[in-house]
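Enquirer: Protein chains in written order, with the numbering used here: chain A, 1 to 514; chain B, 10001 to 11063.
Because the hints were derived from the structure by calculation, they are not lab data.
Among these hints, one or two may not hold up.
[What the hints assert, rightly or not] Simulated pairs of lysine-lysine, DSS-like, Cα-Cα distance not exceeding 27 Å:
#1 A:107 / B:10819
#2 A:486 / B:10846
#3 A:513 / B:10846
#4 B:10079 / A:513
#5 A:107 / B:10079
#6 A:513 / B:10819
#7 B:10079 / B:10046
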Amino acid sequence: MKQIKSFKIYIVVLCLLGSASCSDLLDQEPISITHPDVFWDSQANAEQAVAGAYSLFKEAIITQSNFLYWGEWTGMTFMNSRNWIVNYIEGSGNYVLAYRDASMNWKNFYRAANWAYTIEQYIEDMPVDMFDSQTEKDRLLGEAAFIRSLTYFYMARIWGDVPIVEQSIESSDQLISEDGYIVENARVDELQVLDYALEAANKSIGLLQYSTPGASNWAITANKASAEALKAHISLWYAGRDNDNPEMIQQAIDATTSVINNSGASLIDYVNEGKEGFDEMCIGQSKTGLFEINISADMNESFRLLQYDDNHTGLTLNYPVWQSVNTGISPYMDPDFYGNEMMATDADRANDVRKDLFFYEYGTNADYSYLQKYSHSTQDEASEDAYAQFSESNILIFRLADMYLLRAEANARKELSGPAISDLNEIRSKANVPDYTGGTDRESLMKAIFDERAIEFVGEAQSGYDRIRMDYYDGVPWVNQARNAKKGYFWPVLPSVISRNPSILQTEYWRGKL
Amino acid sequence: MKKPFFYLLILILSVGHFAQAQNKTVQGTVFDDNGVPLPGASVVVKGTSTGTQSDFDGNFYIDVQGPQSILTISYLGFKPQEILVGNQTQLSISLAPDATQLDDVVLIGYQKVFKRDVTSAVSSIKSDDIEGIPVLDVSGLIATQATGIQSVNMTGAPAGRGALIIRGNTSIGGDIDADLAYSSPLYVIDGVQTSLEDLAGYGVSNVDFLASLNPNDIASIDVLKDASAAAIYGSRGANGVIIIETKKGVALDKPEFSFSTSLGLQPKPNLVPMLVGGAERQAKMGMIQRWWHTDELQSGQTPMVLTDSINPAFNNNVDYQGLFYKTGIDQQYDFSVRGGSEKTNYRVSLGYDNQEGVIKGTGVDRVTFSSNLNFKAGEKFRNQLITRFTHTDLQTGQGNPYQGSFNLNSSLPVDPAGLQSSLFYITDERKQSLSGELEGKLNEDRTVNFTISNFATFDLLPSLSLNSQLSFVYDSNKKNFYEPSTIRTEGDGFASYALYNRKNLTAETYLSLFKNIGANNDHEVTGVLGNRVDYNKYEDMAMTAFGFGSDAIQTINNRYTQDQISGYTDISANALVSYFGRVSYKYKNRYMVGGNFSIDGSSRFGKDVRWAKFPSLNAGWVISDEPFLKPHISSFIDYLKIRGSWGINGKQFPENYLRFGKYNLGYGGNPYWANQMNVSSYGGVTGVIPNYDQIGNASLSWEETEQWNVGFDLDMFNRRVSLAFDAYNKSTDKLFFDVAFPAYSGYNSAPTNVAGVLNYGWESMLRYHVFPRENDLRMELSVGFAQNKNYVSKLPNGNQDYIGGDYGYVVGRPLNLYKMFINDYIIDDLDQLPVNPFTGEPLQGKSAWASIRPGFPIWQDLNGDYLLNEEHDLKLTTDYSPIPDITGSFNINLQYKKWYFQAYSQFSFGADIKNTVLNSYMDSYDRGGDDWARRGLADLSEYTFWQQPGDGAAGVDFPAMYPQSPTLGAFYGFRGNQTLWIESGDYWKVNNASIGYTFDQNDNFMKNIGLSRLRIYGAMLNPYQWQRSKKVVDASMVDAKGHTYGNGYPQARTITIGIDTKF
């Protein structure tokens, strides 16, 4: 019996030990993942989060070459695509692209914007001593605010009204109500969205510093000039959407002027710098860049040039980048397209050097001419195939020429033809185009500025947005008053986005069309 | 074993010396023939009223008057034995079975009970039932022996994975893996619990979980089906429990050796016949000439592969099937020894299996070792040490990727339904690589399972014992891979090494009570109370390297530069703590009630929702033993018990850290192909973003299953007929479902405890001994029959229908509905098309498709807009379900003297399955381009196709199949997502048939060769399968979405001869 008693004590002890250690055992802290509770503890981590936000924005715009669908093909200036998917747009202005649902989905933008917002929240709360200096903390905050602003600006240009998310979404409890329903979030008026973007741009301007060409992250991450360029774009878009709102026009003029004076960037002189200048501009981080998306094999941030229609190299390049001439995907320089017609008929353009710099064999054979802005590449060393090439062309978002032409447009809107023509001529002069001699009325100036933008930014996904902002649709056969009245220039919202969040209303023009 | 008759002899001789008797105490243990202790055996001193019962572990103490006393030991289901005590004080008694099902001992988790006392739904399988079947893995046989279990075949590959589903599938999800979307039971092998979700590497290697267990080591399998039975396993019992006990050591006077071996042959399977070389060219050219217009024929667009018949690149006749398939040889060797004394005994077994598959380069080599050591220290302490080791070397052919999970649909390097045309030239290296025979290619997949478990019992009181089981399990899967530059398009060499492993530690401590009280032992109380801690740790790693250089080096070393090598490691862990108890009370062997309760906590859940309670209740009544009834029915009813149970079980999800919002490191935002460049940074800084597939949710918690069960067990006609029947209602709630999040959140979807699935139905097992058991000729027929109704009962967002990529859910319908166009008719004449009354336009397809022509399939225009398109007409079809309604088994056991014959079969009815194989063959003909010319062509002459107007009305099998000409667009008339491909999944499959002869000690020659038992048998696995659909390759091989695995590994027939010896 004595033995039994001692065993009983042993059991009791065992059970007690068991219970005590059990609760600890159930707190398994992961060592293979990082999560919000432990992540925000150093500048290095904050830097990585900001790099993630840039990457999210990069993915949002280059996925399936969306930036071209949204901003380039809709403009119908130079390139007539032979790709059957792009033909939906070029044929009838149908933005409901087969197998390209992502072009109607704003999810990737919200990832970039929400993550930037979350980063701002966390960095605000991190003590300064986690950073090298207050300036560094401000820089990271400023970059995050820039990404948030840029993202909302893109959404406002693509869809008009969109929801605004002003919270850091970190738990499913924020998205599902107690009874299992999705928390809905409706679209808000585009001007409110622009206000929100503008506020973030201003915040960013207040926190960032100017940089200089040659600095290690020049143009591929945001500096103060990038943020001002963004502000200029937002303001002018705002003015365009709000009956030439004079305050916004003025803001655009101020912002562009500040960029031109302070950014440290300078224009590429296509005449004197020729191909070298063009190549530098496209490869990126050039003296003229203000903000661009980095594509660089050296930094392991590239992809393989592929002759498929799911990326911007496949959709713009042709032989001899490819082994043989492509007649299925690569576009041709349709002489009937607005830009080509303009270049052919405008006598000033006879010696425009951009024809030869930007295009392969422009004018020689319209069928096989192609845009060279995304043609820069280096060999993939992991392959022995000569056509295994990594892309080296950055995606240019803002550059200095854009600021001159935006300022010209802002002045034109104010009927100030002098300064407008002066800025316009500055850009024309770099391309061997004689000074502008046309009409000084607003309409003539707007056309001249649009034409200049069309050739200068061809392939940089500007003309589609320019048409909306400048309300100039010459050469786009499917645009009409009725469609524009129902905001048919905006992209439709993907039906599944609506079905998951039923308080979203489809853009009027697209109702019943999907 | 100390043989009783031997002692009897001695005792008879020496009886005189003990004439002066003295009282003494004898201690003994009662075992069954497999060495499993029998609790509650009755021990009576013959001719007296002195008696006792063996305790929970088969032990008893009894006072006898002297050596001349004779003990009568009886136990239901076993032949009674009489033993003369003699001068022994310690007896070890092994009872021979005299079995009927009711008298079996059943394991119900921490306790053994008689089948007759079981009040919940349990199916039991004894080793005898499965021992003569030369399988590597018993999981395919379980459904032939127990009802209510759906057995899923996924591959015919040796040791290949399958799935068992008890009482209906509850696996639901927003993006299911159709190979894994089954609600798998908990496995308990010798007390060691494993749920498949806990296995790291499961789903990475294709090895079935039960393939780690040598079938020859199995003593019994008990399947706990209802909530009450599984309740002791509370948080892990929701999908049922399969308890497997291995054979144990036993006291024998000399060691008993067993040796068995078998040799099997798998003939090359019959496959879909392919047209090869000239036949293929001729058939395809014939199609062109039949269908193309003259101008199309002259356009020069006829694919070069067909026209250029003298080009060496196109005039080949590669027989891919001949390339891949072969006759396979199987060998099995098994050796075991058991013996020892009553105090210390053992069983050790060693097995070796080598199975070649019918696909070249595939097969398995398995070594199993298991040992079982028992000892007693003193009167009250017993200890059992179990060790098991399995090494599996899987030859995977080409289907196995270099790391990551195994795609069951790619046992072959190329999808056989999408084979390249036989006309193309391929290099010898490529051929060798395709058939897995390329020298210089390394492809190893090895799995090690090691289990060591110590089970100790200390008797605190005669009726109360303290038990402790400590277990350590180690699982490891390793893959070595090298692909030489000769077969890689980039011309580099590729090496990979991957390791997945899991360590599991379990400690269980519990008290068990077994007590009889009152006069005649009318009251019996049993109980269990204990706690359990389970800890898993997983470590994974993988490395890969690409580079140019010598193919002689197949490992990753300094041949590669640093940036050519990439890899990862991962470590994670989880813990589960459980407190459990059970009490059962039985009165007069007729009335039984009981209850279970467990409280479980898991590290996978947030602090507030970590613990859950799982109760259950059960009761039974043996009507047939009621005195008022017995005299009236005993002539034909031997036994009738009715029983009922209710309980709640749980289940947790497999992910360890879902409660945390996770950040992804190394994100570079590159959506495009970058060959080997790993884009993980922006501007040179590694990117970090939230994981948009997994939002943090600290409130995720247990899935719950509430189940009712009522049933009866009936034995009739002198136990020649026995019937067990159960009806159940099983409602699974708080199931994990991926709720699709709104786009503004950025998140795709995340699991939440929202969905529900209801299964209800009934199952019965009827066994019939056609002749009395004393006959020379004995025949037992058994039929299992189960009907299960499966419904989705709750979905997120207010039961909104869930529509996924190719499947979906609707409340009130079964799981995994097909998303398809509904075929209406094959059009003979364009006048058949309905005309839109508003526009006067006939029905048309969407603008991207070719315009409708005679011979095309016409689908239902579900939204009535006179336009066929995916947006409005491709919907979930509620008429078809991949879930079977009826499953069951039919078995024959025939014995004539020493001959035996057995045949086991199972069947499944009511599933609608999708013929993905035929779909694949035909689909390339109407997709644009000349894919059809470049792909292989099966002989489709068995099927009818639309040829001319009138064929549609006549009901041909398929629309017009013709090669797309360059001037016509594609209508996608053979697209996969249309009801055209739905076939009946009904099948009846004979799993095995075997015939054998057993020699025993009565055969004279046995003594000469020194054997005590010799069995010679021949067996055939998969000898026959009937299926309703003649169009599908194998109706029994489908995934969770109902898609046929026709391009996986066929279940080949195996013909085996074998011997089984004991000496």
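Enquirer: Name the hints, by number, that the structure is in violation of.
Expert: Numbers 4, 5 - these are the hints that the structure violates, sorted from lowest upward.
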